[in-house]
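Residue numbers (the working numbering), protein chains in the order written: chain A, 1 to 494; chain B, 1 to 333.
These are computed hints drawn from the structure, not numbers from a lab. Please note: incorrect hints may appear among the correct ones.
Result set (DSBU-like, lysine-lysine): computed pairs, CA atoms no more than 35 Å apart in a straight line [to be verified]:
id, chain 1, residue 1, chain 2, residue 2
1, A, K291, B, K131
2, A, K291, B, K133
3, A, K291, A, K386
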Amino acid sequence: MRLSASDLLKSYGQTRAVDGVSVVLRPGMVHAIVGENGAGKSTTLRMLAGAERPDSGVMTLDEASYAPPSVIGAAALGVSLVYQEITINRSLTVAENIFIGRLRQFAGPLGFIYRRRMEAAAQTILERIGAQISVSADTGRLNLGELKCIEIARALSTNPKVLLLDESTAYLDHREVQAVLRVISELKGQGMTVAFVSHHLDEVLAVADELTILKDGQYVGTYRTTEIEPNEIHRRMVGRELARSIYPPRPPRDPSKPVVFEASEVAVGRELGGVSLNVRAGEILGLAGLKGAGAEALFAAVCGDLPVRGGSMTLAGRSYAPSNPTSAWGQGVAYLPGDRHNEGLIADFSILDNLVMARPPHHGPFFDRAAATAIAGDLIAQIGIKTQSVDSSCRSLSGGNLQKVVIGKCLAVQPRLLLLNNPTRGVDIGARAEIYRIIRQKAAQGLAVILSSEDMPELIGVSDRLLVLRQGQITHRIETAADATEHDIIGHMA
Amino acid sequence: METNKTSSATKTPNASGEPGVNASRFEVVKRGFPLAMLVLLIVIFSIASPRFLTFSNLLIVLQQGTVLLVAALGMTFVIMAGSIDLSVGSIVALAALATALTADSLGAAAIIPAIAVGAAAGLINGVLLAKGKVPSFIATMGAMVVYRGVVLLFTRGAPVSINDEQFLDVYTNRTLGIPHSVIIGLVLTVVAYGIINRTVFGREVRAIGGGERVAILTGIPVARAKIYMYVLLGALCGIAGLLQGARAMAATAQLGEGLELDVIAAVVVGGTPLTGGVGSVVGTVLGVLIITLLSNGMNMAGVDPYLQNIVKGTVMVCAVFVTIDRRKIGIIK
Chain A
1 MRLSASDLLK SYGQTRAVDG VSVVLRPGMV HAIVGENGAG KSTTLRMLAG
51 AERPDSGVMT LDEASYAPPS VIGAAALGVS LVYQEITINR SLTVAENIFI
101 GRLRQFAGPL GFIYRRRMEA AAQTILERIG AQISVSADTG RLNLGELKCI
151 EIARALSTNP KVLLLDESTA YLDHREVQAV LRVISELKGQ GMTVAFVSHH
201 LDEVLAVADE LTILKDGQYV GTYRTTEIEP NEIHRRMVGR ELARSIYPPR
251 PPRDPSKPVV FEASEVAVGR ELGGVSLNVR AGEILGLAGL KGAGAEALFA
301 AVCGDLPVRG GSMTLAGRSY APSNPTSAWG QGVAYLPGDR HNEGLIADFS
351 ILDNLVMARP PHHGPFFDRA AATAIAGDLI AQIGIKTQSV DSSCRSLSGG
401 NLQKVVIGKC LAVQPRLLLL NNPTRGVDIG ARAEIYRIIR QKAAQGLAVI
451 LSSEDMPELI GVSDRLLVLR QGQITHRIET AADATEHDII GHMA
Chain B
1 METNKTSSAT KTPNASGEPG VNASRFEVVK RGFPLAMLVL LIVIFSIASP
51 RFLTFSNLLI VLQQGTVLLV AALGMTFVIM AGSIDLSVGS IVALAALATA
101 LTADSLGAAA IIPAIAVGAA AGLINGVLLA KGKVPSFIAT MGAMVVYRGV
151 VLLFTRGAPV SINDEQFLDV YTNRTLGIPH SVIIGLVLTV VAYGIINRTV
201 FGREVRAIGG GERVAILTGI PVARAKIYMY VLLGALCGIA GLLQGARAMA
251 ATAQLGEGLE LDVIAAVVVG GTPLTGGVGS VVGTVLGVLI ITLLSNGMNM
301 AGVDPYLQNI VKGTVMVCAV FVTIDRRKIG IIK
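With the rest of the complex left out, here is chain B (with noise of 0.2 Å):
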């Protein structure tokens, strides 16, 4: 994989003989760690629950994964710039709130309000931060505030339900035993890691976080690429408050609350640090798969509900722990 290629270089010899030689086994570990943690997962959750590695649940977890992974899929590229965005759970709600307003008008193509509502609040956290200088984890987390109020001032605290037919049949149904939703997951997923490692966007964003200075002074057009990576974020937001929204039949203000959390954490158990520089769509899967499969999991083995947060948050600082890049520690910009 290619976004993988610094990490796998610095396994190379090093010619000049400086310390650090030895990094290259706990490289491999580092690299394997997502993977080795979901069949660890998988291996626990399947003896404690006979339920567990069934077909059916198999589709509940991936399911209930799509939107963790739709928006996780656009965060990828904003923590691999070296930037952080807080407001996605609020960019959820209110494009479900757009899809709820315009399904029984609209039916399917909803979906455009949906991306338009997303792209449009990714651009003002884009412009923000690329031309207001604002540092994205302040930006973004008035964002949250303001998008979430603007759901509460449309819908007053009441939920808008959707009723539209051919809405949900296109969103919520299956084809051949496998639930829309998670084609869409599947299809988009594609596209992003075609992004991150086939386009030159895709470069000047992990240049941006590899060095932002040096990216500058190389000419790369680092504002322009901020504020495409931020709509792009924006853009699957609006189609996970979507696929949320259609799976709820309803925008409600609560919808995509505190998702940016587990948003983040995927992306980071799956492997992109928040130093930037380095990023893999696969590790975010992988990511996604973890944060879903413990809950889906833990439910599953009936842990007690109050000890789930606990577990998830050790889970989380303990990936990151292992996966960090200590040469590269610094404040998330």
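The shape of chain A in the complex, shown without the other chains (with noise of 0.2 Å):
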């Protein structure tokens, strides 16, 4: 089926989300939606499946005038969303989780289920994506591709004509983000018409055929992908000529800095056997690495979140144990996590709260709030937090922006190591060269900075030093992160 869309236009209080956009999609093709946090790319997609009404704007499927009440509305018209967030019930099975809603259909006379004409109904739709996954599957088990395979599985089981996709690959890693683009590739063949969010350039250029570009809410224009650069679709996003490079420029090595950090044969649960590696004052070590290769294992012992099983650490020459994060943080060791919203800061909190939470400033007992107020307002100024007052609650913040406040949490502590777990997930592209900006520059300072990101582009841009980690060793070190090739460290990985 062909969906169009014409000048649509969505509000939320003053804010234009969207602001005259329109967009085709055609059957058997695959059109992505780009632009930056806040272009209004989801909100356009939602508009598509029902999520949200447009305020004004015309939408069509086929030659029919398309206008779903909701996203199941729009779904019994053919159109199909998959979210952004995960959403399967680890309790439930796989055939459950996708027909989660619909069960009544496999329903006895008496309201049981026939779980086998279920299962058989579930595997159908599972083998037609070509997912490598067994109805009888433990939910529980499965790794974040294989779950988002299971939403578009979901999102099949009302026999879609078009596919709808909203950042489906955000939390997920290399190997799964190939699994998720197959997947694609393979139901463009079946003549579905699919259209995808993504942050992601290489990924668009790898599965799509059309590109849309919004900036600010407004529609830019819309391009077949074997006839535009990627360097012409950044500054069409952007808006401007992006500087040559988002990444800053590296220092000299200076093997005579001290080593903050050093860890030996450190094992760590099941994830991480015995590993050694160091970093040195003003150095930044990359760590490449699929899901539960180790790097979150490693800055879960660093951190002091999980105990160590063997090996040892030191910390600026001592021995280093930390028995719990109070100790990790205490001694000059911050963590930045890898789920900003769960475990990097309390969105209902204020910016202030957030920045001066690990180490908030006090006479005695009694927490100093002008010192806390000076402090907040020094790193909004350094890290370029985009705020009106350091009591805004950090709901009002963008992703870019919330990252920031995070990374001032962990800068506020005048940390000598700092961990970062995926620094700039679902960050836009100007707020992630600030990110990378701010990090050089503490690193210039003397900080060691420990990095670890699904990004390939991105570890092999910052990294002074590359490690490539493997079911918990490391199976490749890259003395010169600059030499690096995406194609030698995804060698290493796998």
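Make the complex out of the two chains shown on their own, each in a separate frame, by following the hints.
Here it is as structure tokens:
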């Protein structure tokens, strides 16, 4: 089916989220919608899917007028949405997750579910998308990429003609992303109309036939992916000539600088088995690896969240064995978790509350508000957090700004060692460049940084040295990250 | 008030243009609700009974409410951290017993064993939760039964009377017409307000309720703060037990039974949500006044005693219905 929309308009209060966007989705074609955070990509997609109602504008499905009242209404007309968040319930089976909300269709006369019939139907859908998942698999043990495939299967269970995917690869690692992209290509081959939103241009260029660029809620243009250069896409997304690189220049390495952190034969849980590494003051050490390869476990041990099973660590030359995160932060180790919303900050709290959370200034037992305001104001200026007041709730901030608050929280304790777990997840390119600049600037002042990321260009562009992890072991050491290639790294990851 | 910072901050224009910009007016309604409810109750009961709005009745309300207030101040911390304590009524009974057993020899200094017993009971609860990782609902439900059992075992069901003149003089007399218990309640309110709004500990407790995982990974000493807050609640329940025992001039096995429900109701009606992260001492004072006035006023107005529970329960649910933050509905930890 052909889904087209013209001149869509959507406002929230004073803000025009989408302001005159037109898009045409054709059968057998993959259409990508790209833009910075807040460009209106998701809102556009959600209007197409019936999750939001446009204030004005016309949508047509084939030749008929199309104005779905809800996501369910849209599904009935043949348009299905895959949400950005993972919405799989891990206490249900694969088949139950796929048919959730429509389990009744497998009910017998007494209301009991014919499990076998349901599982057969689920398996058919999973095979159709080429996902290597068995319906009898334990949902608790599947990885995020597999869960995403189940969500796609759920979206397909209503037999849609149009499939819309909202940021479906945001929390996936390299291998999982490949799985989802394969499914998209598979569906395209079957004549499905597919549209997706993504932050990653390499994904867009890998599977999309056409792309629509949005900027500040406005329509910039639609292009065939074969006809536009990546740099040109960037330029049109940001609206200005981008600096030659978003990565800050690397100063020459100084091997005379002291080693800040050293791990020897550190083993953690089942994930990490005997890893040795060190990082010097002023250095950014990159860790590449798939999910579960050991970087998360290493961070958990260094920040005191998980006990070390074997091996030893030193911090600033002294033996280091934090019993909990309080002890780690107390010794100058700051940790930026990968999950901003559940682990990084408390969105209901003010910017100030989050910034001074790790080490609140105080006189005896009393909190020193004046000092806290000064510290917060200083961090906001230094990091470039865009806000009117230190007392604003973090709920009012965009993803990039939120992440800057988490970075500010880490820098507020003036750490020796900074652990960054995917610091730019879901952050747009402008804010990303600023985050890289801050990290590099702090490193130049003597901070040691360990960076774990699923974003390969980021690892190569930001790190000084790189380590590749696979199944809890270091499989490759790259002394000069600038010379590394993605191909080389991926080869040692999988 | 500082504790309301988060809710007032959400009123600032939503820069990202997310849905929810219309929440601000609703927010104002929510925050003013406990006060509006209190005023409404006073108006209704003054019309229903001429004796309601008199100085002497007001003093009775304050006196009746003090035990509830002292316990509710401590509960504000626990609920702000997203936890719960069902054992407060039993701790009050335990502390009243400790008071009664020592008042004759210690006089007014019987407050020391009262606080010590309360704090010890709170310490056990806190350690069970923070170190034993037993969810507070279960841990304190067990503690409620055990502490009450200890009181029963000691008293064998018979009341222990308090006869010491000096003790009764200090805790039940009046100065300038104001009962000493009410003065103690006011002082403790100011102290609790200071701890919640001005100390690092108060911020730690709030952060635990706002996002425990975030608090842990940010290096906040979560286990320690949890233990401290249960000890604080226990100590306050110790004082509440002493005041209750002094009023009754005896400790009984039934003393404080069902108090936990009134205490939790007062905190929640005052606007501190069970989901944690927000807490207000002023709200708790309002909640205590609402709960106490409701009983007092209904008695004054001659409402059928068999109808009163239905009214009380309905008021509680309505208050929570209005004030609850539906973005954050979760399970009580």
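Hints, verified against the model:
Simply put, A:K291 and B:K131 have alpha-carbon atoms about 30 Å apart, close enough for the 35 Å limit, and the pair holds. At most 35 Å may separate the alpha-carbon atoms for a hinted pair to count; A:K291 and B:K133 meet this at roughly 28 Å. This hinted pair checks out: A:K291 and A:K386 have alpha carbons roughly 32 Å apart, not beyond 35 Å.
Every hint from the earlier list agrees with this structure, and none is contradicted.
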